[in-house]
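Trainee: Sequence:
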Amino acid sequence: MKKGRRRVSGYNKWGYIFLIPFILAYVIFQFIPLVSTIYYSFFENYMSGLTQVGPTFVGLENYAKLFQSGDIWIYAKNTLVLWIMCFIPQILLSLLLGAWFSDTRLNLRGSRFFKTVIYLPNLIMASAFAMLFFTLFSDGGPINSLLMQIGFIDTPYKFLSNTGSARGLIAFMNCLMWFGNTTILLMAGMMGIDTSLFEAAQVDGATSTQVFFKITLPLLRPILIYVIITSLIGGLQLFDVPQILTNGTGDPMRSTMTLVMFLNRHLYSKNYGMAGALSVVMFIITGMLSLAVFKVTGNDKRKG
Numbered sequence: 001m002k003k004g005r006r007r008v009s010g011y012n013k014w015g016y017i018f019l020i021p022f023i024l025a026y027v028i029f030q031f032i033p034l035v036s037t038i039y040y041s042f043f044e045n046y047m048s049g050l051t052q053v054g055p056t057f058v059g060l061e062n063y064a065k066l067f068q069s070g071d072i073w074i075y076a077k078n079t080l081v082l083w084i085m086c087f088i089p090q091i092l093l094s095l096l097l098g099a100w101f102s103d104t105r106l107n108l109r110g111s112r113f114f115k116t117v118i119y120l121p122n123l124i125m126a127s128a129f130a131m132l133f134f135t136l137f138s139d140g141g142p143i144n145s146l147l148m149q150i151g152f153i154d155t156p157y158k159f160l161s162n163t164g165s166a167r168g169l170i171a172f173m174n175c176l177m178w179f180g181n182t183t184i185l186l187m188a189g190m191m192g193i194d195t196s197l198f199e200a201a202q203v204d205g206a207t208s209t210q211v212f213f214k215i216t217l218p219l220l221r222p223i224l225i226y227v228i229i230t231s232l233i234g235g236l237q238l239f240d241v242p243q244i245l246t247n248g249t250g251d252p253m254r255s256t257m258t259l260v261m262f263l264n265r266h267l268y269s270k271n272y273g274m275a276g277a278l279s280v281v282m283f284i285i286t287g288m289l290s291l292a293v294f295k296v297t298g299n300d301k302r303k304g
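Just so you know, we're using UniProt numbering here: the sequence shown kicks off at 1 and counts up by one.
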């Protein structure tokens, strides 16, 4: 018994040793920056011309200014709208493709090729995507030229000057970049479901639709929670696509200005105190929304 315990304790020791690099990387690159951001959010620290003002302790004054301006609510709404416009078609398309590729009864040909193709956009830089769409949908771009040639429009449509089309392009680009990754995650969850459940459902005469909604979808709940939370965090961090597509202006009429773009303005102007306060607010919002999603969609214990 003692030898067995020594072996287990020895294995545990090596496990802790292998965890040390991760713990060090987490402390250096995540925990310390988080604590320092919270600390500096209570200071006035900015550039006035060539003069450095601060750092001077001001308490909660940065937070008060942030909420008094009212801009944060506008940009939070923009961020949430863009995320919803991207996530809903993304999750529906990923569920459909995942169900198709993981269904052995369909026996789809070339499934490996199509799995690779749908994942490829995830490997392309968002900045490259944004530059491509900026060129395609500009006033004198190929899309406007094509629409005018077929007689669909008489004058070039200003895609980037209209709220609906500008938001639609940003949502479409993010959906195109990330639906492949979501599909792979959902497929992994579907392929991990016990096949005997599907066989029993077939014996009982269940249709493919009934199998999906009664068996597949409920058993995918843990994966769906992970996908929703990670997508929500990514949506709150949306920056590169609207930044490049609108040249950092958030036009038209600030309708595509996200919270991180607003944060970047403070960093660019070297107003580090306000940037820190906004970062802390975003951290709290992300935590609250993630907790809400987990509570709503989580596996709550039900009374029998």
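No lab work stands behind these hints: they were computed from the structure. One or more hints might be untrue.
Claimed, not checked - Simulated pairs of lysine-lysine, DSS-like, Cα-Cα distance not exceeding 27 angstroms: (1) Lys-214 to Lys-77; (2) Lys-13 to Lys-77; (3) Lys-65 to Lys-214; (4) Lys-65 to Lys-295; (5) Lys-115 to Lys-270; (6) Lys-214 to Lys-295; (7) Lys-65 to Lys-77.
Trainee: If a hint holds in the structure, say so; if it doesn't, say that too.
Mentor: Evaluated hints:
For the hint linking Lys-214 to Lys-77, the alpha-carbon distance of about 35 angstroms lies beyond 27 angstroms, and the restraint is violated. A hinted pair counts as satisfied when its Cα atoms are at most 27 angstroms apart, and Lys-13 with Lys-77 does not qualify at roughly 49 angstroms. Straight-line distance between C-alpha atoms of Lys-65 and Lys-214 comes to about 50 angstroms, which puts the hinted pair past the 27 angstroms bound. For the suggested pair Lys-65 and Lys-295, the alpha carbons sit about 32 angstroms apart, so the restraint of at most 27 angstroms is broken.
A distance of roughly 44 angstroms separates the Cα atoms of Lys-115 and Lys-270; the hinted pair therefore is violated under the 27 angstroms criterion. For a cut-off of 27 angstroms, the pair hint linking Lys-214 to Lys-295 stands: about 21 angstroms separates their Cα positions. Only pairs whose Cα atoms come within 27 angstroms are accepted, and Lys-65 paired with Lys-77 is accepted, the gap being roughly 19 angstroms.
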